[in-house]
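Input sequences plus hints: build the corresponding full structure.
Here are the chains, one letter per residue:
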Amino acid sequence: MTFSDIPKFKLKEYSKAPELSSKTIAHKPVIIVGSGPVGLAAALDLAQKGHEVTILTAFDFIALGSKAICFAKQSLDIFDRLGIGERIIEKGVIWNIGKLFWKDQTNPVFQFDMLPVTNQKNPGFVNIQQYYVEDYLVDALEDMDNVDIRWGHSISDIEVRNDGARLDVDTRDGSYQIDADYVLACDGFRSKIRDSMGLDFEGRIFEDNFLIADIKFKGKAAEQRPSERWFWFDPPFCPGGTALLHKQPDDVWRLDFQLGWDIDREAVLKPENVEPYVKGMLGDDIEFEREWYSVYTFQCRRMNRFVHGPVIFVGDSAHLVSPFGARGANGGLSDAENIAWKLDLVMRGIAPRSLIESYNDERIMGADENIRNSSRSTDFMSPKNEQSLAFRNAVLELSNDYSFARPFINSGRLSTPTPYHDSPLSTVDNDEWDGGPKPGFPCVDAPVNDNEDSNWLLEKLGNDFKLLQFGGKAPESDLDVINIPIDSLAAQRYDAHHGATYLIRPDQVVAARWKEAQADDINGAYQRAIGAA
Amino acid sequence: MDKFNDTVNISGHDDIYQMIVDLHADGNEEKSQKINAKLIIAMINQIGSEQIVKEIIEMVRLNEEKYNPRSSTH
Ligand SMILES: Cc1cc2nc3c(=O)[nH]c(=O)nc-3n(C[C@H](O)[C@H](O)[C@H](O)COP(=O)(O)OP(=O)(O)OC[C@H]3O[C@@H](n4cnc5c(N)ncnc54)[C@H](O)[C@@H]3O)c2cc1C
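Chains H and P are the protein sequences, given in the same order.
FYI, in the working numbering the residues of the first sequence are 1042 to 1574.
FYI, in the working numbering the residues of the second sequence are 1355 to 1428.
One or more of the hints may lead you astray.
With a straight-line cut-off of 16 angstroms between C-alpha atoms, the simulated EDC-like cross-links for lysine to aspartate or glutamate are [what the hints assert, rightly or not]:
#1 P/K1388 / H/E1438
#2 H/K1162 / H/E1127
#3 P/K1392 / H/E1427
#4 H/K1320 / H/E1427
#5 P/K1388 / P/D1376
#6 H/K1049 / H/E1332
#7 H/K1140 / H/E1269
#8 H/K1425 / P/E1384
#9 H/K1144 / H/E1438
#10 P/K1392 / H/E1438
#11 H/K1501 / H/D1121
#12 P/K1392 / H/D1184
#13 H/K1053 / H/D1189
#14 P/K1388 / H/E1127
#15 H/K1069 / H/E1269
#16 P/K1385 / H/E1438
#17 P/K1385 / H/E1427
#18 H/K1514 / H/D1562
Calculated directly from the structure, the hints in this document are not laboratory data.
Printed below as a string of structure tokens:
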């Protein structure tokens, strides 16, 4: 396979499978299928935990096309743990201001500030092309001895067996079979594995087309433009539709135009047809170069279950959302970190196999929240009937003059981590708390010593189970303890009085908390959190 | 907890009714839909309670269903 129609950011070296010249079928502990951001992140996480990891991917390159650009704080926290966070922040564009425009008005109807809660290590959002993220993940993987990345190895079939799964793999030198105890299917929304297993992928298809123009500014224009998210409802250059402008690294900008359903895809993509849109948005005197033009339609759908015995679906293969809200890759990265620690404990024999089932519970909650939010944004942007159009326009007209209507404007609710309400792994609070993250909720960051740029709580958490002890002494247990001064901002954010303890999962989610913990409490909560209770 | 008041809570009903009818005087369907939407959005904010808004929506849904049951083709 050559994938000649896919633009390439970086070529990668195909290597011939040793299995092709051997009579026996190799057996691996875990095979990850796919080298998108999700498969790569899961692979790196498992590799850093010491597992032998095999990645099979159809591509023999990192693709260049227009995909994810907005990476949310929770993903940056994951990248930090994987060791590539600083590279991403350095390359990326941090943005805080979002502006909403309507029709031909030059003043925004509404302007919002995404400035995150201050005193956290990572910003709310960073824009960076997906190919850079993939490239950095690959660099880190290539540095490890326990990782085998096989570029240009395409799965054609899968058979679930008693002791794992057997994959049929096609390469340019021929086909081979390979076995694994576990397979992470990170093979994207057209998942061959899902199809081969005859599994469902239900949901809504939105009847709309969007033109994406990734362009590079030339001349002065690039410096003059602030790095803000601009969003238009019904602008003169895209009548009846919406439009979006985002800054990326390397003076590349993403322009996104809603075109409606009935279009001629090929014609739309011709440079002479894209140009009027670009100039309509940015002015006639703009000088630019095309990086990539594409048209996409979108769907919101998910599998009924993500865990099928030894085969676990992660990322776009399991769920697909519209891009508004930046929930695709961000949601998939949360899947990857959720399954990585669970699979790690199961493969090391510390947790029972049933722990994997909680990935199904928790990440279906995540997928449903993402699908709900992105469907709602889409319904606001392209109203489906006269009544909803009337409401949409009523909101916009009122918002122009009155602040009370503005929160109804929905141009994409940007991705935040999903709390796992009622997770089977959480221990319900017994004490009264006035704040702080509840069991099942993600940890909030804070400086531990009230020193603004050092000692971040999330950095200290790492990716093991940890006890956070706020003053006093932690009860006896085998877990690592992090002592937090009681007069810190961290203690305040965790509503912690002297002697409080939090049990934190490897994915930095609160498992349990106590105002005054006993050794038995901690042990019980830990057992529950690893699915052994 | 906040509760929807389903008894009389205001006076001047005839004047209020007249004002609303007048707002729709020009008979343009599209305009009317938007005017109603604006009224609803502003009133929702004035009510200031998600719980009460929920109860009102539920009350309207039941009332509508009672007098205009959905046809089976819907
Ligand atoms: C226009 C656009 C804008 C977006 N913007 C954002 C955004 O701002 N933020 C955000 O979070 N998300 C965004 N997304 C979504 C994001 O791009 C996806 O969610 C993300 O790529 C999913 O990653 P993945 O690893 O699950 O799958 P993919 O990236 O699709 O990777 C699939 C991998 O599987 C491999 N593969 C496929 N079939 C086989 C096979 N048979 N055998 C072996 N390997 C196979 C491929 O080689 C590929 O490496 C956007 C998407 C689009 C289209």
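Cross-check of the supplied hints:
{"no.": "1", "hint": "P/K1388 / H/E1438", "verdict": "holds (10 angstroms)"}
{"no.": "2", "hint": "H/K1162 / H/E1127", "verdict": "holds (11 angstroms)"}
{"no.": "3", "hint": "P/K1392 / H/E1427", "verdict": "holds (14 angstroms)"}
{"no.": "4", "hint": "H/K1320 / H/E1427", "verdict": "violated (31 angstroms)"}
{"no.": "5", "hint": "P/K1388 / P/D1376", "verdict": "holds (15 angstroms)"}
{"no.": "6", "hint": "H/K1049 / H/E1332", "verdict": "holds (12 angstroms)"}
{"no.": "7", "hint": "H/K1140 / H/E1269", "verdict": "holds (7 angstroms)"}
{"no.": "8", "hint": "H/K1425 / P/E1384", "verdict": "holds (15 angstroms)"}
{"no.": "9", "hint": "H/K1144 / H/E1438", "verdict": "holds (11 angstroms)"}
{"no.": "10", "hint": "P/K1392 / H/E1438", "verdict": "holds (9 angstroms)"}
{"no.": "11", "hint": "H/K1501 / H/D1121", "verdict": "holds (11 angstroms)"}
{"no.": "12", "hint": "P/K1392 / H/D1184", "verdict": "violated (59 angstroms)"}
{"no.": "13", "hint": "H/K1053 / H/D1189", "verdict": "holds (13 angstroms)"}
{"no.": "14", "hint": "P/K1388 / H/E1127", "verdict": "violated (49 angstroms)"}
{"no.": "15", "hint": "H/K1069 / H/E1269", "verdict": "violated (46 angstroms)"}
{"no.": "16", "hint": "P/K1385 / H/E1438", "verdict": "holds (12 angstroms)"}
{"no.": "17", "hint": "P/K1385 / H/E1427", "verdict": "holds (11 angstroms)"}
{"no.": "18", "hint": "H/K1514 / H/D1562", "verdict": "holds (15 angstroms)"}
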